Amino acid sequence: DIQMTQSPSTLSASVGDRVTITCRASQSLSRWLAWYQQKPGKAPQLLISMASNLESGVPSRFSGSGSGTEFTLTISSLQPDDFSTYYCQQYNSYPWTFGQGTKVEI
Amino acid sequence: QITLKESGPTVVKPTQTLTLTCAFSGFSLGSSGLGVGWIRQPPGKALEWLAVIYWNDAEYYSPSLKTRLSITKDTSKNQVVLTMTNMDPVDTATYYCIQKGSGRALAYWGQGTLVTVSS
Chain U
26 DIQMTQSPST
36 LSASVGDRVT
46 ITCRASQSLS
56 RWLAWYQQKP
66 GKAPQLLISM
76 ASNLESGVPS
86 RFSGSGSGTE
96 FTLTISSLQP
106 DDFSTYYCQQ
116 YNSYPWTFGQ
126 GTKVEI
Chain R
92 QITLKESGPT
102 VVKPTQTLTL
112 TCAFSGFSLG
122 SSGLGVGWIR
132 QPPGKALEWL
142 AVIYWNDAEY
152 YSPSLKTRLS
162 ITKDTSKNQV
172 VLTMTNMDPV
182 DTATYYCIQK
192 GSGRALAYWG
202 QGTLVTVSS
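Those sequence lines, one after another, are chains U and R.
Quick note: our numbering has the first sequence finishing at residue 131, numbered continuously throughout.
Quick note: our numbering has the second sequence finishing at residue 210, numbered continuously throughout.
Simulated from the structure, these hints should not be mistaken for laboratory data.
Everything numeric in this text was worked out from a predicted model, so none of it was measured.
Treat each hint with caution, since some may be false.
[Claimed, not checked] Here chain U is said to cover these stretches of chain R; the calculated rule only asks that three of the stretch's residues, wherever they fall, bring their Cβ under 8 Å from a Cβ of chain U:
1. 135-142
2. 192-206
[As the list claims (entries may be wrong)] Pair ranges (Cβ atoms, derived):
3. R:Ala-137 / U:Phe-108: 16 to 22 Å
4. R:Thr-174 / U:Thr-45: 27 to 33 Å
5. R:Thr-94 / U:Pro-65: 28 to 34 Å
6. U:Thr-35 / R:Pro-180: 22 to 28 Å
[What the hints assert, rightly or not] Partner residues aside, some chain R positions facing chain U, computed with beta carbon under 7 Å:
7. Asn-147
8. Tyr-151
9. Tyr-187
Glycine included, C-beta positions come from ideal geometry on N, C-alpha and C.
Can you make the complete structure from the sequences, with help from the hints?
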């Protein structure tokens, strides 16, 4: 299985901050990496696919980069609605695996 | 508009078999490249992929749960069914149904259904 390691597990930030979350894979994914945002009691929402492709309707303050084994999700200017938990997921091969999540809190 | 909705028991007893149904609309599992699968999330924990079935009947399972899982589809009814045998309290989780598009990540999720395993 491909192991996905996210860091940090928790991130304390303020509105307007630039925030970066890292996801490392135990083997190369090429660019088959997605990022999701999850709010309490809700299903995850896809933000970014193929490492850097912003999904339709997702604010442009979100961006993704990386390839191979190291990837980042950046929020350029944190907004109140962005305080959530974020997950990375590899879909390069089965079994699909997720990172353990990063909680972005005030 | 693509929607998915999970249904099934909210409580099962240890050792029982769980059967969950995903009813979907807005697409057909007869369409090339498409798949429907399941992901679960124990309370306060991370997401865990379980299984997926594709338009061409290909099935893939989590290796750690493979012996307990079965996924089937009814294309005419737009439904996918997941069965998990020998349920244990550690299987308590919200179970999500997802759509997998060809070459795509998981853009469509059901609302999730919480299953509690308790005697």
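> Measuring from beta carbon to beta carbon, are U:Thr-35 and R:Pro-180 in 22 to 28 Å?
Replying inline: Given a distance of about 27 Å, which is inside 22 to 28 Å, the answer is holds.
> Does the Cβ pair R:Thr-94, U:Pro-65 satisfy 28 to 34 Å?
Replying inline: 22 Å, violated
> Would you say the C-beta atoms of R:Ala-137 and U:Phe-108 sit inside 16 to 22 Å of each other?
Replying inline: 18 Å, holds
>> So, as I understand it, the hint says R:Asn-147 touches chain U; can you test that by seeing if any CB pair is closer than 7 Å?
In response: 15 Å, violated
>> For the restraint on R:Tyr-151, tell me whether the closest CB of chain U is nearer than 7 Å.
In response: 5 Å, holds
> Does the Cβ distance between R:Thr-174 and U:Thr-45 fall inside 27 to 33 Å?
Replying inline: 41 Å, violated
>> Just to make sure I understand the rule, a stretch counts as covered if three or more of its residues have a C-beta closer than 8 Å to a C-beta of the chain. Does the segment 135-142 of chain R meet that for chain U?
In response: That given contact holds, which follows from 4 residues of the segment 135-142 of chain R lying within Cβ reach (below 8 Å) of chain U.
>> Just to be careful: measuring from the Cβ of R:Tyr-187 to every Cβ in chain U, is the smallest value less than 7 Å?
In response: 6 Å, holds
>> At least three residues with a C-beta closer than 8 Å to a C-beta of chain U: is that true for the segment 192-206 of chain R?
In response: With 8 residues in contact (Cβ-Cβ under 8 Å with chain U), the coverage given for the segment 192-206 of chain R holds.
Hint compliance for this structure: hints 4, 5 and 7 are not met, and every other hint is.
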